[in-house]
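Trainee: Listed below, chain by chain, are the residues.
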Amino acid sequence: MGTAITMTEMKRKRFWMKVALFAALLAAWPTDAAAMHITEGILPASWAGIWFVVAAPFVFLGLRNLRIRSARSIHVKPLIGLTGAAVFVISCMPIPVPVVGATAHPCGVGLAAILMGPTITALIASVALTLQALFLAHGGLSTLGANTMSMGVIGGFTGYAVFHMGKRLGAGTWASAFAAGLIADWATYSGTALFMSLALARDGEWFSMFLAIMAAFAPTQIPLGVLEGFITAGAYRFIMRRRPEVADVDRLGVVA
Amino acid sequence: MTQQNSRAALETRGISFTYQEGTKALLDVDFIAQDGKFTALLASNGSGKTTLLKALVGLIKPQTGQVLVEGGDIRSMSSARLYGKVGMVFQNPDDQLFAPTVAEDVAFGPRNMDLPEAEVKARVEEALFKVCAGHLAGKAVHHLSYGEKKRVALAGTLAMGPKILILDEPTAGLDPMGEEGMTRLLSDLNRESGVTVVLATHSIDLLPLFADRIFVLKNGRAIMNGTAEEIFRDQEMLKSAGLRLPYVSALLHQLKHYDGVPINGLPLTIGEARKRMLEHIPESALVKSLIKEPDDERT
Amino acid sequence: MTQQNSRAALETRGISFTYQEGTKALLDVDFIAQDGKFTALLASNGSGKTTLLKALVGLIKPQTGQVLVEGGDIRSMSSARLYGKVGMVFQNPDDQLFAPTVAEDVAFGPRNMDLPEAEVKARVEEALFKVCAGHLAGKAVHHLSYGEKKRVALAGTLAMGPKILILDEPTAGLDPMGEEGMTRLLSDLNRESGVTVVLATHSIDLLPLFADRIFVLKNGRAIMNGTAEEIFRDQEMLKSAGLRLPYVSALLHQLKHYDGVPINGLPLTIGEARKRMLEHIPESALVKSLIKEPDDERT
Amino acid sequence: MLFELFSDIFTIRQSRLAFIDARVKVIVALGAVILTLAASSPLFPALMLTVGFIGAYMASVPARHVVLRFAAPAGTALLILLLKTFMTPGEVIGIFKFAGLGMAATEEGLRQGALISARVMGAVAVLQLFSFVTPAHHLFRSLRWMGAPKGWVEVAMLVYRFTFDIFEKAAEIGSAQRTRLGYSSAGRSLASAGTLAGAVALGAMEKAERVEEAMLVRGYSGEIPYDPPPPLGAAGIMKTAGSLVALGALFIILEAI
Ligand SMILES: Nc1ncnc2c1ncn2[C@@H]1O[C@H](COP(=O)(O)OP(=O)(O)OP(=O)(O)O)[C@@H](O)[C@H]1O
Ligand SMILES: Nc1ncnc2c1ncn2[C@@H]1O[C@H](COP(=O)(O)OP(=O)(O)OP(=O)(O)O)[C@@H](O)[C@H]1O
Ligand SMILES: [Mg+2]
Ligand SMILES: [Mg+2]
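Chain order of the listed sequences is C, R, H and S. Its first residue numbered 1, the first sequence is counted upward by one per residue in our numbering. Its first residue numbered 257, the second sequence is counted upward by one per residue in our numbering. Its first residue numbered 556, the third sequence is counted upward by one per residue in our numbering. Its first residue numbered 855, the fourth sequence is counted upward by one per residue in our numbering.
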């Protein structure tokens, strides 16, 4: 496979056939594919370190936020701990993906971002990812920085932004939450694909690698993102209908 | 209804279940609930009651053994068929009310059965009426009291029209009136509507006394089954299972075995106990003037 | 300890509390718990027991009235001082165990009191010993059974060395053995260690009988208070508050008022009831051969 | 399925590794992961994989559980191997027919793929062995001792503690929905899953209020106190340094082969 620029028609066709092969492999693998988190050991030490450095400020923003809000009101820490645990549990719910017939897991960051705001979401994501890496062998410690970046930061901030943009543009709460869940999920998976391709590819070929990984993840992630949109919207609507005062952003949210 | 005999509505044959991390919650349990009868599982905390009930409705799959509903293995039953026949009410009502309002919540099951909307409405109304909660239909679920939530949760299952009703600790957390009301409700459902009732409880003084048959579990094993009289007669067994006699029976038991009053049998209810006690009090000792007009508070 | 009389450990003066959405949960409640005594709040579901207990420890602020702890208004007390004196155990143990292990959880309170680590360790050990849970120290909280969690939650409060212990439904959800064990534990703490015990319950047959004084709530009002004998003598009041007699008393009550057996007073416990019953059974009717060697199961 | 794996029961079983000071284990495990990632041949990672399996066996972790935990990373490792083998330019060592198309495997690709796959499996094995023999609360205590941000550790402790409770609640709600046919079609499943997620999140927020009250009456004033572990001590330092030196030596030897 040459560089993307010099690809002939034939090579291009062959490239996509290979992508299809990997997609089939991924879908056929009995456990849920590791699309959401970068598995331990994939990133070379240099890239692992870079993502730690990039993600750290966001987690520290979350910590700062936590500290400021805790100083103001004592209930914030248990509230964030409990809501974090809930998001963690939700992200472990098995969702049957219709197209490929496998089950996958929602990432839950869309919901987390709506309920808790983006920086707290980054903090919670780093915690949940650590626990997952240790007790579930999902993701990893060396890839914690990259995973926090793709899930907590990219997923969290896009989810939050989409939700509030949607509401500002006059879309209903349901539609905004749906979009937030969907976009946060897809953003997370694009981030993961981007980081993996950057690390795996040699000079010049990263774009084709990126496309290949994206394509390999697509059969599960595209429908999963839609499902996650529905779940996020359903969950948010449930909370709003049951206890609208609880979902008051100022209690949990982070625009502090 | 209680006459038509000995067809098993629910049956387990030698089921065992071990939780993923190693707790052996059920060990070779044979359980039978006869059609139209009232069957109770009586056991102390952590004996496997909830686990057994979950196995009965296929929510957990025993590693060995078989679960039969009306003679058919539940593994070969579609969930629509199974849950059309068997309804389950869980212990914590907060975990089973998921619609914003009572009426919507009760309608959840019937709607999922693809019934026409008119039929759904009728069923919701009927179910709420049965549990004396008709006036709650329009209320928001989280504004209900605990006792009300318990009754609405029951209505949500009744609305699906199950022939077999399984309940986990239906009276736990209820006050005396709630406890009595729920017990009467279940007993009526069983006697009047012919619903087969299976329930788990660790309360002793009221609920089990209504059961046609009681199964006692201990550490995941069904160590005994029989009528209430049979079960409570075996004090050794009760003690080993961490249970005790109903208070009234304990009084009469002590009068007999500590004081030598030759009481016949082992009365379980207040009414029976009164009769037995009067046999030993000379007519001459009774004071007529004490007797008040009896009201309807007799149990 | 129970001799030193009539100093109020806890007192409310005309407190009323309305929840944000409008439920009037407490209405002009006067409550007193004497120092060193065992005081019970008895009421049906939703009568305001939990709300009152929370007001006693300052978790909710009554809109009117005063709460006094050892004579001092709690509004003028630092939380460190207040919670050094008054400990509260909530109903659901899962909500009050927040550390990963039992020992760490029990140490939470003492550490917040800034005690030196050696003292913390000693207190944790002692508290766990008191609730018979010494062997659980190293266990993960989420691996405990329900009864174990209840006892550990109590230990977490005891470790802070409170002179006043407040408990919300300490026996709810426990099986017969657990219920009895918890009741005995609380009674021992009260009698032997001199801890003032205040608890809320809607179970009737065991816990309230240990109380020196019982307060009955109804719809947020304290409608009566007195000794167990006084409370259970007033059947009208009990009925209106949705309560009932203990089963044993109900039997004797019915024998008296439906059958005319002239029973003295209103026995509440099995032991008392036995004595009263024997007064009416002629010596000649007793059969000595029935008497077994009494074991320790008498209540 | 995923959640069944989330179990710490094995760390409670007694094994020799479980008794080692958690701080030593944290440092050595991190060292092992870093060396695994730095390896330029699959040998050192393979050694770590072996050590991981032997350790799991010593800690009497059921084989089924080990297989379950390794399944997903193994899938990823295989995928990487294939991706690399067939998508890296270089000297072709074989052509495989797939769907009428020739796929060229290259030597360079195979080499790179094998290395990355080995790193994945080796690093995962190190981490899993660590979590099999280290109770979570020891980990939290070590992290705090090592100067991890207090807020982070506190949140992690709460998340860890309540995950189990909340999972049970989620399972209960799911069961209640199931018995009322909430999952009897795709549309209903989706609606039920949304409701479930909402009920779980709301339940957690409501629980947080009760937890906070329970913390308050036990003197909580904003920070969860902890008991700092004693200094690592000469023995601990020796153990850590010894293990790291041994790992380093093995690394150098295996890299040289
Ligand atoms: N999800 C679970 N995972 C692991 N072990 C469990 C689980 N649920 C229950 N157990 C264990 O299985 C055993 C039986 O539990 P079960 O809930 O069936 O008892 P129970 O009789 O219903 O008790 P209770 O009266 O407290 O409700 C107990 O030892 C319990 O700790
Ligand atoms: N957080 C709350 N918000 C609004 N209303 C509440 C709240 N907590 C309780 N209530 C209401 O206040 C009243 C008293 O409740 P409380 O919990 O004090 O009763 P209780 O006697 O403890 O009942 P139970 O025996 O069921 O525990 C009830 O009507 C209840 O619905
Ligand atoms: Mg149970
Ligand atoms: Mg209460």
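Rather than coming from a laboratory, the hints here were simulated on the basis of the structure. These figures come from a predicted structure and were not determined experimentally. Hints are not guaranteed to be accurate.
[Stated by the list, open to error] Part of the chain H face toward chain R, derived, beta carbon under 8 Å:
1. Ser-599
2. Gly-601
3. Leu-623
4. Leu-699
5. Tyr-701
6. Met-732
7. Gly-736
8. His-757
9. Tyr-813
10. Leu-821
11. Ile-825
Beta carbons: idealized from backbone N, C-alpha and C, even for Gly.
Trainee: Identify whether the interface hint at His-757/H stands, where standing means a beta carbon of chain R within less than 8 Å of its own.
Mentor: holds, 4 Å
Trainee: Just to be careful: measuring from the Cβ of Leu-821/H to every Cβ in chain R, is the smallest value less than 8 Å?
Mentor: Violated, because the Cβ-Cβ distance from Leu-821/H to chain R comes to roughly 13 Å (cut-off 8 Å).
Trainee: Is the shortest C-beta separation between Tyr-813/H and chain R less than 8 Å?
Mentor: holds, 5 Å
Trainee: Go through the hint on Ser-599/H and say holds or violated, using the shortest Cβ distance to chain R against 8 Å.
Mentor: holds, 4 Å
Trainee: Identify whether the interface hint at Met-732/H stands, where standing means a beta carbon of chain R within less than 8 Å of its own.
Mentor: Check passed: Cβ of Met-732/H comes within 5 Å of chain R, closer than 8 Å.
Trainee: Double-check Tyr-701/H for me: the hint is only fine if its C-beta lies closer than 8 Å to a C-beta in chain R.
Mentor: holds, 5 Å
Trainee: For the hint on Ile-825/H, just tell me whether its beta-carbon gets within less than 8 Å of chain R.
Mentor: Given a least distance of 5 Å, the restraint on Ile-825/H holds.
Trainee: Leu-623/H was flagged as interface toward chain R. Is the shortest Cβ-Cβ separation under 8 Å?
Mentor: Result: violated, 29 Å to nearest chain R Cβ.
Trainee: Does Gly-736/H meet its interface restraint, that is, does its C-beta lie within less than 8 Å of any C-beta in chain R?
Mentor: violated, 10 Å
Trainee: Using 8 Å as the Cβ threshold, decide whether Leu-699/H counts as touching chain R.
Mentor: violated, 10 Å
Trainee: Can the hint on Gly-601/H be confirmed by a CB-to-CB distance to chain R that is less than 8 Å?
Mentor: Because about 4 Å separates Gly-601/H from the closest Cβ in chain R, which is inside the 8 Å limit, the hint holds.
In summary, the numbered hints that this structure violates are 3, 4, 7 and 10.
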